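Protein chains: 2
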Amino acid sequence: MVLDPQGAAVKNSLKALGYEDVSQVRVGKYIELTIEAPGREDASARVDEMSRRLLSNPVIEDFSYTLEEAGV
Amino acid sequence: MVLDPQGAAVKNSLKALGYEDVSQVRVGKYIELTIEAPGREDASARVDEMSRRLLSNPVIEDFSYTLEEAGV
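Just so you know, the protein sequences line up as chains A and B, in that order. For the numbering used here, count along the first sequence from 1 and bump the result up by 1058. For the numbering used here, count along the second sequence from 1 and bump the result up by 1058.
FYI, nobody ran anything at the bench for these hints, they're computed from the structure. Mixed in with the good hints there might be a few duds.
To be verified - Distance ranges between label pairs, derived from CB positions: (1) 1063(B) with 1067(A): 17 to 27 Å; (2) 1103(A) with 1082(B): 29 to 39 Å; (3) 1074(B) with 1076(A): 39 to 49 Å; (4) 1119(B) with 1100(A): 15 to 25 Å; (5) 1074(B) with 1061(A): 21 to 31 Å; (6) 1079(A) with 1084(B): 22 to 32 Å; (7) 1123(B) with 1092(A): 17 to 27 Å; (8) 1094(A) with 1111(B): 31 to 41 Å; (9) 1107(A) with 1112(B): 14 to 24 Å; (10) 1096(B) with 1119(A): 31 to 41 Å.
To be verified - Below, a list of computed lysine-lysine pairs in the BS3-like style, where the Cα atoms sit at most 25 Å apart: (11) 1087(A) with 1073(A); (12) 1087(A) with 1069(B); (13) 1073(B) with 1087(A).
Only a predicted model underlies this, so the values are computations on that prediction, with no experimental measurement involved. Idealized CB from N, CA, C, for every residue including glycine.
With the rest of the complex left out, here is chain A (with noise of 0.2 Å):
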């Protein structure tokens, strides 16, 4: 995120109720997909793509994921 007024609001919040041991704070999207796919590295490109397309906006946001195989 280049800029992150909401992760800023967050931490005023944090002060004002005494945390003041946090100096940072960072608001983001998190997204759990469930999806079908054959193996490791097709579930891998989909996320990949999905994520570039439509999940994340690339000119003021990074993302990153991990996939977990779900029980069958």
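Position chain B against the provided structure of chain A, taking the given hints into account.
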């Protein structure tokens, strides 16, 4: 999350882009805190308390967190 209209909206958008293999989408908040603490247990207790008091809405959200030691 008990209801997640944003997740449903994202799922529909992904479907419209051809990502039919996504069966579930949940959208939530991601918050990164930099906090000064004498140790892991102390940091954990602080984060837990902040999460319950301010960062989450306990009626409609749950939360989880992980700790990472920052480079000193």
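Cross-check of the supplied hints:
Roughly 23 Å separates the CB atoms of residue 1063(B) and residue 1067(A), a value that falls within the hinted 17 to 27 Å. Checked against the given bound of 29 to 39 Å, the beta carbons of residue 1103(A) and residue 1082(B), roughly 19 Å apart, lie outside it. Here the CB-CB span from residue 1074(B) to residue 1076(A) is close to 46 Å, well matched to the stated 39 to 49 Å. Against the hinted window of 15 to 25 Å, the Cβ-Cβ separation of residue 1119(B) and residue 1100(A) comes to about 32 Å, which falls outside the hint.
Between residue 1074(B) and residue 1061(A) the beta carbon distance is about 30 Å. The supplied range of 21 to 31 Å therefore holds. Taking the beta carbon of each, residue 1079(A) and residue 1084(B) are about 31 Å apart, inside 22 to 32 Å as hinted. Separated by about 22 Å at the C-beta atoms, residue 1123(B) and residue 1092(A) satisfy the suggested range of 17 to 27 Å. Separated by about 39 Å at the C-beta atoms, residue 1094(A) and residue 1111(B) satisfy the suggested range of 31 to 41 Å.
A C-beta distance of roughly 35 Å is found between residue 1107(A) and residue 1112(B), which places it outside the suggested range of 14 to 24 Å. Roughly 33 Å separates the CB atoms of residue 1096(B) and residue 1119(A), a value that falls within the hinted 31 to 41 Å. Among the hinted pairs, residue 1087(A) with residue 1073(A) is consistent with the structure: their alpha-carbon atoms are about 23 Å apart, no more than 25 Å. Pair hint residue 1087(A) plus residue 1069(B) holds up; C-alpha atoms about 15 Å apart against a cutoff of 25 Å.
Between residue 1073(B) and residue 1087(A), the direct Cα distance comes to roughly 20 Å. Compliance with the 25 Å bound is thereby established for this hinted pair.
In this structure, the hints that do not hold are numbers 2, 4, 9, in rising order.
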